[in-house]
Every structure is written in structure tokens, then in C-alpha cells.
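Enquirer: Listed in order, the protein sequences are those of chains B and L. The first sequence lines up with residues 4 to 166 when you count with my numbering. The second sequence lines up with residues 4 to 166 when you count with my numbering.
Derived by calculation from the structure, the hints in this document are not laboratory data. The structure displayed is predicted, hence computed values, not measured ones. The reader is advised that the hints may include incorrect statements.
For identical chains, the list gives no copy identity; a pair is met inside one copy or between any two copies.
Here are the computed lysine to any residue pairs in the SDA-like style, where the Cα-Cα straight-line distance is at most 25 Å [as the list claims (entries may be wrong)]: (1) 60 with 148; (2) 60 with 7; (3) 61 with 86; (4) 61 with 163.
Protein chains: 2
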Amino acid sequence: MEPRSGCAINAAVEALGDHWSFLVLRDMVFGDRRYFRELLNGFIEGIASNILADRLKKLVAAGILTKEDAVRGRRARYSLTEAGVQTLPILFALGNWGLDWREGTPELRTRQELMRAEGPAFIEELMDELRVRHLDAPPVPREGPGPFERLEEAYRRARAEAD
Amino acid sequence: MEPRSGCAINAAVEALGDHWSFLVLRDMVFGDRRYFRELLNGFIEGIASNILADRLKKLVAAGILTKEDAVRGRRARYSLTEAGVQTLPILFALGNWGLDWREGTPELRTRQELMRAEGPAFIEELMDELRVRHLDAPPVPREGPGPFERLEEAYRRARAEAD
DNA sequence: TGAAAGTAGTTGTAAAATGCAACCACTACG
DNA sequence: CGTAGTGGTTGCATTTTACAACTACTTTCA
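When you get a sec, could you build the whole thing from the sequences and use the hints?
Expert: The following block contains the structure:
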């Protein structure tokens with residue numbers, strides 16, 4: 004596909020900018036989903052299987068994901084590439100905007116609010132953890148819970164408070 | 004339009020996430036274009052007039068833009084709302100990603116490279132300037148050129164160097 | 001070994017979005 | 001009054017998306 008221009012913003016929009024690509028990345032990152040069925044069934048927005056298949060194919064072609072064990076009928080795992088990991092700041096910026104300008108269920112707001120409260124260093128921490136999970140980077144030496152665990156924890160606390 | 008979920012990322016994608024909305028915002032912000040024809044003729048990617056009309060209408064409906072002087076035949080000016088100004092970090096994140104992971108013409112890379120080099124404070128400065136231009140905020144007291152002028156300058160320097 | 005359940009998709013068809021070119025109603029200006 | 005410019009709209013062809021059913025293959029377990 005020929006890019007419509009040499010603009011960096013346009014390049015990102017062409018690679019990622021449709022209704023589903025960002026949501027696929029969101030679910031891979033924050034839902035830790037890496038298999039076709041996992042993604043298909045996990046989507047709160049309800050994606051069709053052919054659209055998911057198409058988006059995964061395009062994201063792989065664009066170098067944002069890789070696909071392992073590509074044998075038909077066998078569970079094939081999708082992983083983020085470094086380019087995929089680097090989309091996290093975009094997801095954060097999108098979520099941050101949506102948090103201010105659109106309503107959201109209290110549970111779903113929690114994640115974004117925590118990320119915002121923790122600041123930019125937290126985004127870096129999440130990206131490092133993604134490199135461990137998806138790119139076989141050596142584990143980050145750390146005392147206490149990792150960034151995703153802290154998100155989970157905040158989520159549980161918010162739910163407990165809501166009761 | 005019913006949102007497909009209460010997720011903040013999904014909210015942003017539904018409001019902004021199609022091939023054109025981000026590019027309209029980009030041209031309004033960085034190209035300082037605020038009129039229909041200006042946008043229509045200015046697009047390096049070549050947008051159709053009905054698509055531009057539709058996107059502007061949707062962005063107004065979503066509270067991201069406002070439209071003044073809406074008399075048919077008279078120049079109608081579009082302005083960013085505060086929600087629109089707040090999309091700048093998203094544009095920055097998209098451009099930053101595109102800069103690393105896609106090719107771009109040297110001229111167009113300049114803007115993004117400067118923004119990256121100047122850091123997060125520069126984004127804030129740009130947003131303040133947008134509030135002056137679009138929201139009638141009082142001018143920012145400042146010695147020397149403003150952030151958009153500095154972008155222009157860097158752009159000119161890059162072109163001069165290329166020759 | 002053989003049925004059942006699970007895997008990643010594909011296929012067919014309808015609906016929606018997009019792209020293109022021509023056209024429209026109005027205003028500003030000389 | 002005529003011409004150029006304004007912000008669009010209209011009609012139609014093409015492309016993309018959505019939904020549901022179906023396929024080919026593997027794994028599990030009796």
C-alpha cells in the first residue's frame with residue numbers, strides 16, 4: 004500500500020487508524036490476550052471473526068505484531084514487536100483524552116486514572132514489562148508487584164470501594 | 004451514536020479514530036487552517052469535499068470543534084474547543100511513532116523531530132498557543148518567537164541545510 | 001480408535017463508508 | 001450585473017465492514 008503522504012502522523016494513522024487496530028492492541032496489552040479466540044471472545048465491543056483475522060494479518064504485515072506457531076488448527080500466538088510496544092504512549096494518550104471527554108464505566112476508568120496518576124515513568128515501566136512478556140527481554144529486577152499487577156490491584160480496590 | 008463500550012480508549016477511537024479526523028486536526032493545528040476551502044485545498048493527502056464536510060460536522064457534533072459564522076456562502080471559521088486542544092498529545096504520540104516506524108520525507112520529519120527534541124514542555128506551550136488562537140485566551144507573555152514560529156524556523160533551517 | 005470439543009480462520013451476502021465529479025445556493029467585489 | 005469565491009450537496013461507483021454460517025485442522029479424553 005502506497006502511503007498517501009510522507010507525514011509521520013499520516014503514517015501512524017494508515018498503520019493503526021481504524022476502529023479496530025487500536026482496540027486489538029489495547030486488549031493484547033491490558034488484557035494480556037495473545038490468541039485468536041482469546042481476543043475474539045474477550046472483546047467487550049464485539050468484533051467479527053473475519054475482521055479480527057484481517058486486522059491481525061495487517062498488523063503482522065505492518066511489523067507491529069508477529070505470529071508464532073502458524074499451523075492451521077493449532078493455537079497460534081501473537082506477540083508485539085518493538086514497534087508494537089512503542090504504540091503504548093499512543094494508547095495512553097487516547098485513553099487519557101477519552102477519560103476527560105467521554106463518559107466511562109467506573110471500572111474501566113480506573114486503569115486510565117491510575118496510569119495518569121503514576122505519570123510518564125509508569126508508561127516506561129509498562130513498556131519494559133511488555134518487552135519481557137512479548138520480546139523475551141530479561142525480567143526486570145523489582146521488589147513488589149509489577150506495573151500490570153498494580154493496575155489489577157487498583158482495579159480490585161476500585162471495585163471493592165464501589166460495593 | 005451509542006458507544007460500543009465504556010472504555011476510554013474506545014471512546015477516543017469512536018470520536019477520532021478514522022482515516023481523516025486526525026488529519027483534519029493535524030492541518031488545523033500545524034497548518035493553521037480554519038476554513039473549508041483552506042482545508043480542502045491544503046490537504047497533501049487529497050480529501051473529497053463531501054468527506055471533509057462530513058468529518059467537520061462530526062467533529063463539531065462531538066464537541067471537538069466549533070463553527071462560527073455559519074451563513075451559507077459566507078466564510079465559516081472552525082475553531083478547536085478545549086477538547087480539541089487536548090488532542091495534541093495524541094497527535095504528538097502518533098507522529099512520534101510514525102517517525103520511528105515509517106519513512107517520511109525529510110521536510111515533514113522536521114516538525115516531529117523538533118517536538119520530540121524539545122520535550123513535553125513544548126507540547127504544553129503549543130497547547131497554550133492554540134488556546135490563544137482558537138479560544139480567545141489572553142496572549143502568553145513571551146520574549147522571542149512562539150512555539151509555532153520555532154517550528155517554522157526549524158523547518159526552514161532543515162530545508163536550507165538540504166540544499 | 002473415535003467422537004467431541006477446540007483451534008484459527010474462510011465464505012457468502014447485506015449494509016455502510018468512501019471516493020469522485022458535477023452541481024448548488026449564496027456572498028463579496030468590481 | 002457579472003464573475004470569482006464561499007461552504008457545501010447530490011448521485012453513483014467502488015471499497016470496506018458487519019454478521020452468521022461454515023471449513024479444515026488439532027487436541028482431548030473415553
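Enquirer: Taking the hints in turn, state whether each one holds.
Expert: The hints, checked one at a time:
Taking the shortest Cα distances, residue 60 and residue 148 never come within 25 Å of each other, neither inside one copy (34 Å) nor across copies (46 Å). Taking the closest pair of Cα atoms, residue 60 and residue 7 come within 25 Å of each other both inside a single copy (21 Å) and across two copies (23 Å). In this homomeric assembly, residue 61 and residue 86 come within 25 Å of each other (Cα to Cα) only inside a single copy, at 14 Å, whereas the closest approach across copies is 31 Å. Proximity of residue 61 and residue 163 under a CA criterion of 25 Å is satisfied in neither setting, with 40 Å inside one chain copy and 38 Å between copies.
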